[in-house]
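Each of the two chains sits in its own frame; use the hints to bring them together as a complex.
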Amino acid sequence: MPIQRDCTLVAKRQVGPNTWQFTLEAGEMLARTRKGPGQFLHIACGHSRLLRRPISVCACGEAEGAAFLSIVFEVRGEGTAWLAHREVGDTLDVLGLLGNGFAVTPGGRYLLAGGGIGVPPLYGCAQFAQGKATAVLGFREAGRAILLEPFAKACEDVFLYTDDGSLGKQGYVADGVRAVLDKDKNFTAILACGPKPMLRGVAEAAGEYGVPCQVSLEERMACGVGACLGCAVPMADGSMKHVCKDGPVFDAQEVDWNA
Amino acid sequence: MPEVDLSVTLAGVRLKNPIVPVSGTFGFGEEYGQFFDLEALGGLCVKGLTLHPRNGNPPPRIAETPMGMLNSVGLQNPGVDAFIARELPRLQALDTAVIANISGNTPAEYGQMCEKLSQAGVDMIEVNVSCPNVKAGGLAYGTRPELCAEVTREAKAHAGRTPVMVKLSPNVTDIVTIAKSAADAGADALSLINTLRGMRIDPETRRPILRMNTGGLSGPAVLPVALRMVWEVHSAVDLPILGMGGVATARDAVEMLLAGATAVGMGSAIFADPMAPVKAVEGLENWCESHGIAAVRELTGGVKPWEN
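Each protein sequence line maps, in turn, to chains Y and G. Numbers in our numbering are just positions in the first sequence, counted from 1, shifted up by 10. Numbers in our numbering are just positions in the second sequence, counted from 1, shifted up by 15.
Same shape as in the complex, but just chain G (with noise of 0.2 Å):
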């Protein structure tokens, strides 16, 4: 049997493989890059970047849920311009797909964001309309077509050649509405799901366990939620789309291509193994070989829904 052809095409930029760590839970992959290869990966996406230096949220930041956990983290990070002057140059060295992840207080950032980026030569750049745990800008941006539209246009119209990606909230009536302004303010792929906004308390204390109160939940415990979103998404939205939302392991990832993304992003997961993304990558290889499977890309949208 040939080997499979493990690689993807999302919005023009080629993946070597459809593993992605997602952004806030990779660093700038310098942490896991102790573990293991980065060249491993298909792309990364790098932790969410802001116009300014963010101190983010006041501990307790994290909360652990059945299956899944809390955060409010709050987009700390050191700016737009250290992460190009710092960090960039070492990414852009690996043989892997540098994803940049942008959160703006107001369209215009998002704008003076993507020149930037685009101009260092990053892959691709995810907008993040959907933060739960930012006031200003973040989720207002992924709750409302109007705004995520006029969002995507500032970002399309900075990013010169660089595609970008707009990163969908699941806190939504209808997520598919968001999904088509995107795409028709020009978004070249799609990404979803951020994390759910979820709360936990502490009944001796009376004191929700996050200082914020509320956060994003993520984990194995989404990843139902998160393929139905995408199933819709794929259904109703012509654009590629990299689908995230608790995918821990090789079979979830096959889900999630299965129910129409192109490439399938891991976050917590690697809390709980390091090895994680390595592991997909590899058991995904192994699913595809074992079920005659050419390419990995013929599984994407493969679902057989029931029809009723």
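Next up, chain Y with everything else stripped away, as it sits in the complex (with noise of 0.2 Å):
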């Protein structure tokens, strides 16, 4: 049950072109609304600006007795750019923790397959799995890559790749998990997050080898909650689900990948 609070930002870094990490002091929220890695925060950016901002959850948990959140985000309009420019102190008015996140349970060997700013909610999932992912992550050049070393800490194994070859391999997201299945495919599930046409092709590839997978969905959102049925994403069996409230976790077999 999602609920409304306000939170302090406790931390600010940049960590990247346009990419700042925040570090938000989290309260009850945790405790009540945590359901798993890839759930989502949903931020009112200024009074001038209607709609919240949805942004998913990096990492959360409790450091020196105060439970915290941590957000990645990209500016990408006035929104973001609003708050960007919130400074450590301020607070932020925040719906939390709001969606489904990944299925994970304990124990389980997970495949993460990032792209770009869909990599940051997969680092609670490598946190989840306790240094016994792998991730294949991937960024348009090395001067956008984020969380690298966070990343290199979390997991067993993890590969890069760039669109122009100027970090890792030169090459996509998916062509990364083919490359770790073809050696082994001994994966509980492949947990991806990243553009669509991104989510489609590890879709493509998780499906070619019989390996579950789990995207997580973005979509145009209003009231995050279920509500409006603003955010729709089509299915394969023509229904319609919701990213807010049925996501932004889907099984990747259960998304219509061509509408």
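Source of the hints: derived by calculation from the structure; they are not laboratory data. Every residue, glycine too, gets a C-beta built ideally from N, C-alpha and C. Among the hints, erroneous ones may be present.
[Said to hold, decoys possible] Label pairs and their computed distance ranges (CB to CB): (1) Y:Ala113 <-> G:Gly316: 53 to 63 Å; (2) G:Gly136 <-> Y:Asp266: 30 to 40 Å; (3) G:Asn70 <-> Y:Ala113: 36 to 46 Å; (4) G:Arg221 <-> Y:Ala152: 28 to 38 Å; (5) Y:Asp261 <-> G:Asn70: 14 to 24 Å; (6) Y:Gln24 <-> G:Pro218: 37 to 47 Å; (7) G:Arg221 <-> Y:Asp261: 54 to 64 Å; (8) G:Arg221 <-> Y:Glu88: 39 to 49 Å; (9) G:Asn301 <-> Y:Arg23: 41 to 51 Å; (10) Y:Ala246 <-> G:Asp253: 52 to 62 Å; (11) G:Ala97 <-> Y:Ala113: 52 to 62 Å; (12) Y:Asp266 <-> G:Gly316: 46 to 56 Å; (13) Y:Gly141 <-> G:Pro73: 40 to 50 Å; (14) G:Ala55 <-> Y:Glu88: 32 to 42 Å.
Here it is as structure tokens:
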């Protein structure tokens, strides 16, 4: 059950061009609404904008006796630009934790597939897997790579791909997923987050190798709680589901990738 | 000072206060019921219903606009029968008025739905003749007076003793003409305004943001249009009005009442702040108290227009 809370910004760090990591004091929100890695926050971005901005949780937990949430976001428009100008000590009006995260079980062996700003939500999955996850991370170019150190520490293996080959191998995340599965397809599931074409590619690869795959989807969103039916995604069975309430994580097989 | 009487009567239905979340912004109440007690509301308009289930429009369905938003949800709903079976019992157990919003492809469909909902015991039926996001029916019934009258008559003929409120579109040359056609055809109340048709374009891709190209504009940006239309209709038609469009605060609600509304709808403001309706009820009470208003219904139509 989501709650609304004024969360204090306790740490702020630039992690890439136009990309920021915020640590928010979470109070009772974590204990009351946490389901698993991959949930999101719906953050009010100033009084002159009607709609909140949905931002995935990167990590959460307890530090020095206080519950915290960390988010990583890219400045994409006016709302996120406003957000990037908040300073430590400011409070943010937050609805959270929203949605259902990745379905993960202790002891599971997970292949994480992240592209660009879709990488941060997978960090919670890496932490959950306690050092046993394998990650394939893709970025447009070396200068846009984020969270490399945290992933290196939290995962057994990390394979990097860039569109231009300026970091890791040249290619796409789906190429990396195929390369991993070629050698070893004994994974409990692939957990993927990133742009839709990337997710489609990863879902195809997962299908080819017969490995279960969960994808975290994005859609333009209004209420964030399932009331307005704005953030619809077409499912393979012809029905509509909603990123905020049914997702953001879906089984790759239930998504209509041709919609 | 005695307590302020917040209750109002809309087409014979007593609301404990004038604040009502509007159709399409509040689902069937379940989601926002997680944030506050739904019994704090005067009533609630449920998500627009159709005779058969509808999947709605393809995404994207949402685009932000300056102090507002566009939507093209397209009446996604489980159908009137599923609503009556699965959602209504939970809502009827609450001490708040349940207003069912309906859209039909034909006048006969409006009649069929009214019969079902009246028998199921909803407190009021809101006849949507103004949805901009569906191809058949919808907006056409709200822009042509003779069609609006036909739908209203059909609804009234099948609604039994359940009051019928007709929801008007702002996408017309003269809203008073349509309002009169609904009134003459027997409507018990009017609700206005539905969303204004609008559009946004991504300059990089040259594609409209909405997959349906256009959608309905709501949010604080439309409040002045809504106030003007409520004022015009209240001045010309002797029916109670559920005034809606851009109301976000108690002060906005006071303006809406003064313009001529008997009750006040709130919609997109809830997306920004789930507690907005509760805050509006409290704020309305405080405003009345500080202005020596004993009963909120005294405000209806209380605007003092300049003589020109």
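Hints, verified against the model:
1. Y:Ala113 <-> G:Gly316: 53 to 63 Å: holds (56 Å)
2. G:Gly136 <-> Y:Asp266: 30 to 40 Å: Once the Cβ atoms are compared, 38 Å apart, the range 30 to 40 Å for Asp266 of chain Y and Gly136 of chain G holds.
3. G:Asn70 <-> Y:Ala113: 36 to 46 Å: Violated, at about 26 Å.
4. G:Arg221 <-> Y:Ala152: 28 to 38 Å: Taking Cβ atoms as reference, Arg221 of chain G and Ala152 of chain Y lie about 31 Å apart, which means the hint holds.
5. Y:Asp261 <-> G:Asn70: 14 to 24 Å: holds (20 Å)
6. Y:Gln24 <-> G:Pro218: 37 to 47 Å: Violated: the Cβ-Cβ distance is about 27 Å, outside 37 to 47 Å.
7. G:Arg221 <-> Y:Asp261: 54 to 64 Å: For Arg221 of chain G and Asp261 of chain Y the Cβ distance comes to about 34 Å; the hint is violated.
8. G:Arg221 <-> Y:Glu88: 39 to 49 Å: violated (21 Å)
9. G:Asn301 <-> Y:Arg23: 41 to 51 Å: With Cβ atoms ~42 Å apart, the hint holds.
10. Y:Ala246 <-> G:Asp253: 52 to 62 Å: Cβ of Ala246 of chain Y to Cβ of Asp253 of chain G: about 53 Å, so the range 52 to 62 Å holds.
11. G:Ala97 <-> Y:Ala113: 52 to 62 Å: Given a distance of about 28 Å, which is not inside 52 to 62 Å, the answer is violated.
12. Y:Asp266 <-> G:Gly316: 46 to 56 Å: holds (51 Å)
13. Y:Gly141 <-> G:Pro73: 40 to 50 Å: holds (42 Å)
14. G:Ala55 <-> Y:Glu88: 32 to 42 Å: holds (33 Å)
The earlier numbered hints that this structure contradicts are 3, 6, 7, 8, 11.
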